[in-house]
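Asker: The lines below spell out each chain.
Number of protein chains: 2
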Amino acid sequence: MTITPVNLQQKLSLFSQPWSPKIIAQLNDYQIKLAKIEGEFTWHAHPETDELFLVLSGEMTLHFREAAVTLKAGELCVVPRGVEHKPTAQSECAILLIEPAGTLNTGGAASPHQPTTGEWI
Amino acid sequence: MTITPVNLQQKLSLFSQPWSPKIIAQLNDYQIKLAKIEGEFTWHAHPETDELFLVLSGEMTLHFREAAVTLKAGELCVVPRGVEHKPTAQSECAILLIEPAGTLNTGGAASPHQPTTGEWI
Numbered sequence: 019m020t021i022t023p024v025n026l027q028q029k030l031s032l033f034s035q036p037w038s039p040k041i042i043a044q045l046n047d048y049q050i051k052l053a054k055i056e057g058e059f060t061w062h063a064h065p066e067t068d069e070l071f072l073v074l075s076g077e078m079t080l081h082f083r084e085a086a087v088t089l090k091a092g093e094l095c096v097v098p099r100g101v102e103h104k105p106t107a108q109s110e111c112a113i114l115l116i117e118p119a120g121t122l123n124t125g126g127a128a129s130p131h132q133p134t135t136g137e138w139i
Numbered sequence: 019m020t021i022t023p024v025n026l027q028q029k030l031s032l033f034s035q036p037w038s039p040k041i042i043a044q045l046n047d048y049q050i051k052l053a054k055i056e057g058e059f060t061w062h063a064h065p066e067t068d069e070l071f072l073v074l075s076g077e078m079t080l081h082f083r084e085a086a087v088t089l090k091a092g093e094l095c096v097v098p099r100g101v102e103h104k105p106t107a108q109s110e111c112a113i114l115l116i117e118p119a120g121t122l123n124t125g126g127a128a129s130p131h132q133p134t135t136g137e138w139i
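Those sequence lines, one after another, are chains A and B.
Heads up: the first sequence is residues 19 to 139, going by the numbering used here.
Heads up: the second sequence is residues 19 to 139, going by the numbering used here.
Hints were generated in silico from the structure; no laboratory data involved.
The reader is advised that the hints may include incorrect statements.
Remember, identical chains collapse to one label, so a pair may be satisfied in a single copy or spanning two.
Unchecked claim - Heads up, simulated DSS-like pairs for lysine-lysine below, C-alpha to C-alpha not over 25 angstroms straight-line:
#1 K40 / K104
#2 K40 / K29
#3 K90 / K40
#4 K90 / K29
#5 K104 / K90
I would like the entire structure built from these sequences, with the hints used as guidance.
Answerer: What follows is the structure, encoded as structure tokens:
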């Protein structure tokens, strides 16, 4: 059995493409993903699951249809299943996501962004 | 619908007792917990679930029967289900845990530490 530590900054150094989540760990059927975000993502929802956002550096805003929440480094929130949201960041922001393996970043919504369930780095 | 950001440092300021995990968020049937650890915990395993440790400040060592892994701030690892482990920290270390709601810190092993599934803060 080999258990290897995963260093968040080292993993973040491996990619730069925004809105392209990378998988860094798996816990049962959940995955921990890192992403860099900048600009606006697509309005979408995940009908089948909650989704956790933790900001590692920078600042992001999660827009909801009737509210918005700004998260700074060291802050997290959970978007409940089925709730429409649009992640945005004015400048590059690094985030950690927790969600079930196979969760599609776009929630299946039409999007100019590449739909992906993430790739391992 | 109100979604409130959770600030990790603010939550960490609310308690000081070591080996007493506090729940700060829930994602489906999983919980995000914070804990402060110092000294040695009890050898135990969780036969039913993996468990994720992320170090927020300080340094911890996860002992396994045939190996050990040291985690510094910004590093995480996943202990697979059923694997015996003993968390230790030479000085105070703040960690974030991800595991299913209801997971007992001691895994049910006899321990001088208070068995708990965590309390919300």
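Asker: Each hint needs a verdict: does it hold in this structure or not?
Answerer: Structure-based check of each hint:
1. K40 / K104: within (19 angstroms within a copy, 30 angstroms between copies)
2. K40 / K29: Close inside one copy (9 angstroms), not across copies (28 angstroms); limit 25 angstroms.
3. K90 / K40: Classified as both: same-chain Cα gap 21 angstroms, cross-chain 21 angstroms, threshold 25 angstroms.
4. K90 / K29: both (20 angstroms within a copy, 15 angstroms between copies)
5. K104 / K90: within (16 angstroms within a copy, 33 angstroms between copies)
Going down the numbered hints, you'll see the structure goes against none, and every one checks out.
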